[in-house]
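Chemist: Be aware that the sequence shown starts at 0, since it is given in numbering that gives the first Met the number 0, and climbs by one per residue.
Hints are computed from structural coordinates only; laboratory data are not their basis.
Treat the hints with care, since some could be wrong.
Quick list of in silico lysine-lysine cross-link-like pairs, DSBU-like style, CA-CA up to 30 Å [what the hints assert, rightly or not]:
1. 60 x 50
2. 208 x 73
3. 80 x 186
4. 60 x 73
5. 80 x 143
6. 128 x 50
7. 284 x 73
8. 157 x 71
9. 71 x 148
10. 148 x 60
11. 79 x 60
12. 79 x 38
13. 189 x 143
14. 326 x 38
15. 326 x 284
16. 79 x 157
17. 71 x 89
18. 143 x 157
19. 128 x 71
20. 38 x 291
21. 163 x 189
22. 89 x 163
23. 200 x 89
24. 79 x 208
25. 326 x 291
26. 79 x 163
27. 38 x 200
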Amino acid sequence: MKKYAYLFLATLLLVGVIVTSGYMINGSIPGVEVIILAKHSEDNTISASGKLQYRSGRQVKAPFAGVMSDVKVKNGDIIKKGDELFSYYKIDDAYTALLSQYSGMSSMEEIIGAASKYASSADLVSELKKYCPLETVSAGYDGKVTDIKYGTDEPFEKNALILKISENQNLEIPVYINESYIGSISKGQKAAVRFSAMPEKTFAGTVTKISDEAEVTSGLTGRETTVEVIITLDSADDKLRVGYSAACTITLSTDENVLVLPYDIIRTDEDGDYVFLAEGSRAVKRYITADKEYRNGMRVSEGLSQGDCVIVNSEGLYDGQKITIAKRRVQTND
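Please put together the full structure from these sequences, using the hints given.
Modeler: Encoded structure:
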């Protein structure tokens, strides 16, 4: 009986070892997540940042040389068409030309400054007020007053910028694009705008202006030559505030029917870029050609096809390893 008892126990132990080994083998097979590749469109974009401001509107310039009498508005005032902006003592063009001819000076500031050596500028202004007509300039459109340049009794030239009126019903963001990329920017291109103060919402914008001149600006990489580009919001929001920081992504063009892989899926060794595919119950290493960057990943031009199941979490896998698929999803361009 002991002999049969020992045989029975040995059989139980053997069965236990086999079952346990099976559990250990099954437990060593990793479960992977895969994405099923699908062709889609991808935008070619460029990003820049700026501050929200009222639309620049128009400049109000002096129709004649003169001396400021009274500025009837202040920065930030909301005005209507026809509201008085400022009054000034008009200096006739002929009189200015005569002064310039005899003094050799071309600007009213220079003439008054030189004459002040013999009399105070206040006295000179008083004399001009006696002989020069008082003119008033009114607003030609609604808006918000900004950037007032002159105060009472200050002289100015003909066509001098006196102030600006912003179109307060429109909001815009000036951004600065490196000269290397400005050739890709054109009016009418669409932009996605996100504000630090409202990160949950994306606003639509349009490129409405590209400066005719370049300038040197300071950025994260040092000083660079840039061109100012104006992005105007297509629609506003009552919660927006002038001065908010904005991150703008301008869409330059769109590539259709491309295969794109997220950056963190692509791996590299001495032979090039590769990914792991799920083929049946095995992980298969596949070398690829990734040749163009997008905001969300790289375009794959060789090595993959639509419908391939690419393993997302491929860390530690080797070619031919047995796997199980724990999760799968169809790729989108979101």
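Chemist: State for each hint whether it applies.
Modeler: Comparing the hints with the structure gives:
1. 60 x 50: Roughly 26 Å between the alpha carbons, so the hint for residue 60 and residue 50 holds.
2. 208 x 73: 27 Å, holds
3. 80 x 186: 29 Å, holds
4. 60 x 73: Distance ~16 Å between residue 60 and residue 73 Cα, so the pair holds.
5. 80 x 143: 11 Å, holds
6. 128 x 50: 43 Å, violated
7. 284 x 73: 69 Å, violated
8. 157 x 71: 20 Å, holds
9. 71 x 148: Within the cut-off at roughly 13 Å; holds.
10. 148 x 60: 10 Å, holds
11. 79 x 60: Distance ~18 Å between residue 79 and residue 60 Cα, so the pair holds.
12. 79 x 38: Roughly 53 Å between the alpha carbons, so the hint for residue 79 and residue 38 is violated.
13. 189 x 143: At roughly 27 Å apart (the allowed maximum being 30 Å), residue 143 and residue 189 satisfy the hint.
14. 326 x 38: At roughly 20 Å apart (the allowed maximum being 30 Å), residue 38 and residue 326 satisfy the hint.
15. 326 x 284: 19 Å, holds
16. 79 x 157: At roughly 25 Å apart (the allowed maximum being 30 Å), residue 157 and residue 79 satisfy the hint.
17. 71 x 89: 17 Å, holds
18. 143 x 157: Roughly 23 Å between the alpha carbons, so the hint for residue 143 and residue 157 holds.
19. 128 x 71: Judged against 30 Å, a Cα distance of about 18 Å means the pair holds.
20. 38 x 291: 15 Å, holds
21. 163 x 189: Holds, because 27 Å separates the two Cα atoms, which is no more than 30 Å.
22. 89 x 163: 20 Å, holds
23. 200 x 89: Distance ~51 Å between residue 200 and residue 89 Cα, so the pair is violated.
24. 79 x 208: 25 Å, holds
25. 326 x 291: Holds - the C-alpha atoms of residue 291 and residue 326 are around 28 Å apart, at most 30 Å.
26. 79 x 163: 14 Å, holds
27. 38 x 200: 27 Å, holds
Taken one by one, the earlier hints fail for this structure at numbers 6, 7, 12, 23, listed in ascending order.
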